[in-house]
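Asker: Residue strings, one per chain:
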Amino acid sequence: MSSPQPNHQGIGVQVRGLRKSFNRHEVLKGVDFEVKPGEIFVLMGPSGSGKSVLLKHVIGLEQPDEGEILLEGKPIQSSNVLDEYRLAMVFQSGALLNSLTVGENVGLYLTEHRLKPPEEIDRIVADTLEVLGLKGTEEKMPSELSGGMKKRVAIARALVIEPQLILYDEPTSELDPLSSVVIAEEIVKLNERIRVTSLVVSHDRDLAFGVAHRIAVINDGTILAIGTPEEIKRCQNPLVRDFLNASFRRADLHSA
Amino acid sequence: MFQNVGEMVILLWRSLLAMPRCWRQREKIFDQFFEIGNASLLMVCILSFFIGGVIALQTGPVLVERGLANAVGGVVGISICKELAPVMMSILIAGRIGSAMAAEIGSMRVYQEIDALRTMNISPIHYLVVPRLVAIAVALPLLVIFAILVGWLGGAFVCSANSRIDISFAAFFTTLRDIVQIKDVVNGVFKSFVFAWVIGVVSCHQGLITIGGPRGIGRSVTKAVVNSIVLIVILDYILTRILLR
Ligand SMILES: Nc1ncnc2c1ncn2[C@@H]1O[C@H](COP(=O)(O)OP(=O)(O)OP(=O)(O)O)[C@@H](O)[C@H]1O
Ligand SMILES: [Mg+2]
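Chains A and B are the protein sequences, given in the same order. Going by the working numbering, the first sequence opens with residue 1, and the numbers climb by one from there. Going by the working numbering, the second sequence opens with residue 257, and the numbers climb by one from there.
Derived by calculation from the structure, the hints in this document are not laboratory data. Just so it is clear, CB atoms sit at the ideal spot from N, CA and C, and this is done for glycine as well. Please note that the accuracy of each hint is not assured.
Said to hold, decoys possible - A few chain B residues facing chain A, derived, Cβ under 8 Å:
no., residue
1, Q368
2, D371
3, T375
4, M376
What the hints assert, rightly or not - Derived DSSO-like pairs: lysine-lysine, alpha-carbon spacing no greater than 27 Å straight-line:
no., chain 1, residue 1, chain 2, residue 2
5, A, K135, A, K116
6, A, K116, B, K284
7, A, K74, A, K233
8, A, K189, A, K135
9, A, K189, A, K56
10, A, K140, B, K284
Unchecked claim - What follows is a list of derived Cβ distance ranges for each label pair:
no., chain 1, residue 1, chain 2, residue 2, range
11, A, H25, B, G293, 44 to 52 Å
12, B, P470, A, N23, 15 to 23 Å
13, B, R277, A, D220, 43 to 51 Å
14, B, R475, A, D220, 29 to 37 Å
Please model the entire structure based on the sequences and the hints provided.
Answerer: Structure follows, in structure tokens:
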């Protein structure tokens, strides 16, 4: 069972020379980066560039073909590093357990690992859901929720773990602008409250530049640029510039 | 094929290792247990009644014609408790419950629910596989005991109702008691206990290795049922051979 140290600190993540192919299609082509303890690190990149695959490697759901991932300097492939730290991941699809209610989903980690008595779990679950604007949905089934609500339940489920490393896969992709702001605030608050290391995948530019301490831009399985939001804004790499400045203008369509 | 067998052995082994802590999952075990009962009790009843009846119908007239009327109860009794009840019920349960296990776990796999469990450091074996294995390993033998009794009743009913056999209820059960021993019943129930593990492990394994969307789930379900049945029939021969002495 994972050790529930109070006031734990975020942990550092290092990704070194990560390569991964699926059926000879190379998805990650040597990815290197480092996330410092307590940092909010945002990974941006176009659809299909391998962001979700990268996150799955960081939490040990996929085995790399080459390269390694270190948590606090210890490779996750070996030993029981994954048991040692509290990790959480918010899946792009939410990945709620469809056979459980919303409340059971959110409390699942605490219930299964018996970290708290049932009444306290209920209270924590209710509080967390309220923060995310889902007050009173405990008894609903995931199938009764909208896509955006599922996403917020998935975030609630991750917050309850009070992790040392939290991975968000597109936390705002199905949310309206107001809910996105709430999520962004939660990401920052959680980070400040328990110094959790946050690795956020998103193509939401507002979110990225709003919350990130550092940003990396990934394209086609390689990292194009890493730096603070200001550095990324000044980056001269044309691919990065296109990605950051892309905007829909009706005039472009007509003139084309 | 051999890789699958290897994986299943590993799954079985890891489930056995997790067994001592299965009491923590008791609610899930009870849920599964009652689901199995709910889903199959009526079918078990109908199936075994008619199987008992048809065995009586097939063997009764032949034996009676040759003056072996007092063997009918024994023949029907033995064939049901040692062979037909365990095998037919296991096949029924493979179709009814094995398919459900493969489908449930398979869809959890496809929709990343299992990945989510793993990120929460919850072992899918502990959380999903063990409760199902325990439930089926308890439920199937109980269902088989029930099926044996109903099968005998079906046999007795046909024997008394059919004019070419014409053995009374009481006479049927007296001859049955002469020939069928308690160890024959135990023998059949034991076989079903083994088959329960086969169904559980094969179905959960197929569920866990499901890939690719709803069609993948369909494939897993089919494979779980077919592979379970094939293994049950083969193991039935081997077990019978071993238990024969
Ligand atoms: N299990 C898998 N088997 C085969 N190919 C895969 C698998 N997972 C991902 N891929 C491939 O890897 C590539 C990158 O996928 P990934 O999901 O990481 O993209 P992404 O950057 O997260 O995109 P999006 O922003 O749309 O979520 C895709 O081409 C996808 O087809
Ligand atoms: Mg993705």
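Asker: Could you run down the list of hints and mark each one as holding or not?
Answerer: Hints, one by one, checked against the model:
The interface hint given for Q368 of chain B is met, as the beta carbon of that residue sits about 4 Å from the closest beta carbon of chain A, less than 8 Å. With a cut of 8 Å, the hint placing D371 of chain B at the interface with chain A holds, because the nearest CB-to-CB distance is about 5 Å. At about 4 Å, the closest approach between the beta carbon of T375 of chain B and any beta carbon in chain A falls short of 8 Å, and the interface hint on this residue holds. Checking M376 of chain B against chain A: minimum C-beta separation of about 5 Å stays under 8 Å; hint holds.
Straight-line distance between C-alpha atoms of K135 of chain A and K116 of chain A comes to about 21 Å, which keeps the hinted pair within the 27 Å bound. The hinted pair formed by K116 of chain A and K284 of chain B meets the criterion: a straight-line CA distance of about 20 Å does not exceed 27 Å. A distance of roughly 33 Å separates the Cα atoms of K74 of chain A and K233 of chain A; the hinted pair therefore is violated under the 27 Å criterion. Of the supplied pair hints, the one linking K189 of chain A and K135 of chain A holds, its CA atoms being roughly 19 Å apart against a limit of 27 Å.
Between K189 of chain A and K56 of chain A, the direct Cα distance comes to roughly 24 Å. Compliance with the 27 Å bound is thereby established for this hinted pair. Pair hint K140 of chain A plus K284 of chain B holds up; C-alpha atoms about 20 Å apart against a cutoff of 27 Å. Between H25 of chain A and G293 of chain B the CB atoms are about 47 Å apart, so this pair conforms to the stated range of 44 to 52 Å. The hinted range of 15 to 23 Å is satisfied by P470 of chain B and N23 of chain A, whose Cβ atoms lie roughly 21 Å apart.
The given range of 43 to 51 Å is respected by R277 of chain B and D220 of chain A, whose C-beta atoms sit roughly 46 Å from each other. Taking 29 to 37 Å as the suggested C-beta distance range, the pair R475 of chain B and D220 of chain A conforms, at roughly 32 Å.
Hint 7 from the list above is the single one not met by this structure.
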